[in-house]
Amino acid sequence: AQSVTQLDSQVPVFEEAPVELRCNYSSSVSVYLFWYVQYPNQGLQLLLKYLSGSTLVKGINGFEAEFNKSQTSFHLRKPSVHISDTAEYFCAVSARISGGYNKLIFGAGTRLAVHP
Amino acid sequence: EAGVTQFPSHSVIEKGQTVTLRCDPISGHDNLYWYRRVMGKEIKFLLHFVKESKQDESGMPNNRFLAERTGGTYSTLKVQPAELEDSGVYFCASSQGSRSETQYFGPGTRLLVL
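One line per chain: the protein sequences are F and R, in this order.
Residue numbers 1 to 116, in the working numbering, belong to the letters of the first sequence in order.
Residue numbers 1 to 114, in the working numbering, belong to the letters of the second sequence in order.
Hints listed in this document are in silico derivations from the structure and should not be mistaken for laboratory results.
Remember, it's a predicted structure, so these values are computed and weren't measured experimentally.
Each hint should be verified, as a subset may be incorrect.
[To be verified] No farther apart than 30 Å at their CA atoms in a straight line, the calculated lysine-lysine pairs in the DSS-like style are these:
#, chain 1, residue 1, chain 2, residue 2
1, F, Lys49, R, Lys15
2, R, Lys54, R, Lys78
3, R, Lys15, R, Lys78
4, F, Lys49, R, Lys41
5, R, Lys44, F, Lys49
6, R, Lys41, F, Lys69
7, R, Lys54, F, Lys58
8, R, Lys51, R, Lys78
9, F, Lys58, R, Lys41
10, R, Lys44, R, Lys78
11, R, Lys54, R, Lys15
12, R, Lys41, R, Lys15
13, R, Lys15, R, Lys44
14, F, Lys69, R, Lys44
15, R, Lys54, R, Lys41
16, F, Lys58, F, Lys69
17, F, Lys49, F, Lys69
18, R, Lys54, R, Lys44
19, R, Lys54, F, Lys49
20, R, Lys41, R, Lys78
[Unchecked claim] Selected chain F positions facing chain R (Cβ under 10 Å, derived; list incomplete):
#, residue
21, Phe34
22, Leu104
23, Phe106
24, Ala108
25, Val114
Don't be surprised by glycine CBs; every beta carbon is placed ideally from N, CA and C.
Let the sequences and hints guide you as you build the complete structure.
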């Protein structure tokens, strides 16, 4: 079974400051890793995903995340945030299993509030 | 190309009533997923269709929930009878192919059971 822990439920930050949203996971099998964002009154949108290869993954809107297998982490970072980045961010995993398809397991979400 | 759509956007019903949620996936996507987020909690998987077949329904909370996907296109999720603890946001997602494929989410249906 898999589980995801997002260590911060809320992160306030000033505009143009850097931000890191933390995500740790637990799994007995290898996983794929995802970050989704939900803007107010919208559905979830994929920011980035790690499937294999380079552990540093770049996504949309200037976000990036680094997969750290030894620490079972997949933290999301942005060097300079904008007001428009205010949203809720979800870390998710799905198990790499042979054959078939698999569900996403989500963390509880982190609300990022960017202040002017 | 239209994204995943869900109807209604909001629903307020009384305990004991029936509600049916609808999801229209992206055209051509064989995989359709239902998830639910109860207030303040994680988004949790409910079930997964591949075309019209239920591939995994391990997340369905109980037999008051019935999901269908006739013809492998749109899907409905019926809650009958609704209970207070069914309140939350119900998300639908679709994907085209493999397990690493991106799941595209709809805006969700906010259900409030009074």
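We went through each hint and held it up to the structure:
The suggested pairing of Lys49 of chain F with Lys15 of chain R is violated, with an alpha-carbon distance near 40 Å, which exceeds 30 Å. For the suggested pair Lys54 of chain R and Lys78 of chain R, the alpha carbons sit about 15 Å apart, so the restraint of at most 30 Å is met. For the given pair, Lys15 of chain R sits about 14 Å from Lys78 of chain R by alpha-carbon distance, which is consistent with the 30 Å threshold. As the CA atoms of Lys49 of chain F and Lys41 of chain R are separated by approximately 22 Å, the hinted pair is consistent with the 30 Å bound.
Distance hint between Lys44 of chain R and Lys49 of chain F is fulfilled; the C-alpha atoms sit about 19 Å from each other, no more than 30 Å. For the hint pairing Lys41 of chain R with Lys69 of chain F, the CA-to-CA distance comes to about 26 Å; that is within 30 Å, so the pair holds. Under the criterion of a C-alpha separation no larger than 30 Å, the hint pairing Lys54 of chain R with Lys58 of chain F is inconsistent with the structure, at around 34 Å. Of the supplied pair hints, the one linking Lys51 of chain R and Lys78 of chain R holds, its CA atoms being roughly 18 Å apart against a limit of 30 Å.
Between Lys58 of chain F and Lys41 of chain R the CA atoms are separated by roughly 28 Å; this keeps the pair inside 30 Å, and the hint holds. With a C-alpha separation of about 17 Å, the suggested pair Lys44 of chain R and Lys78 of chain R falls inside the 30 Å cut-off, and the hint holds. Of the pairs offered as hints, the one joining Lys54 of chain R and Lys15 of chain R holds, with about 28 Å between alpha carbons and a cut-off of 30 Å not exceeded. Restraint check for Lys41 of chain R and Lys15 of chain R: the C-alpha separation of about 21 Å stays at or below 30 Å, so the hint holds.
A distance of roughly 22 Å separates the Cα atoms of Lys15 of chain R and Lys44 of chain R; the hinted pair therefore holds under the 30 Å criterion. Between the alpha carbons of Lys69 of chain F and Lys44 of chain R the distance comes to roughly 24 Å, so the proposed pair stays at or under 30 Å and holds. A C-alpha spacing of about 25 Å is found between Lys54 of chain R and Lys41 of chain R, which places the hinted pair at or below 30 Å, so the restraint holds. Distance restraint check for Lys58 of chain F and Lys69 of chain F: the Cα-Cα separation of roughly 17 Å lies within the 30 Å cut-off, and the hinted pair is therefore satisfied.
Among the hinted pairs, Lys49 of chain F with Lys69 of chain F is consistent with the structure: their alpha-carbon atoms are about 15 Å apart, no more than 30 Å. Pair hint Lys54 of chain R plus Lys44 of chain R holds up; C-alpha atoms about 17 Å apart against a cutoff of 30 Å. The suggested pairing of Lys54 of chain R with Lys49 of chain F holds, with an alpha-carbon distance near 26 Å, which does not exceed 30 Å. For the hint pairing Lys41 of chain R with Lys78 of chain R, the CA-to-CA distance comes to about 22 Å; that is within 30 Å, so the pair holds.
Checking Phe34 of chain F against chain R: minimum C-beta separation of about 8 Å stays under 10 Å; hint holds. Hint status for Leu104 of chain F: holds, given a least beta-carbon distance of 6 Å to chain R, under 10 Å. At about 4 Å, the closest approach between the beta carbon of Phe106 of chain F and any beta carbon in chain R falls short of 10 Å, and the interface hint on this residue holds. Taking 10 Å as the C-beta contact cut-off toward chain R, the hint placing Ala108 of chain F at the interface holds, the least distance being around 5 Å.
At a threshold of 10 Å, the smallest CB-CB gap from Val114 of chain F to chain R is about 22 Å, leaving the interface hint violated.
In terms of the numbered hints stated before, the structure departs from hints 1, 7 and 25, listed from lowest to highest.
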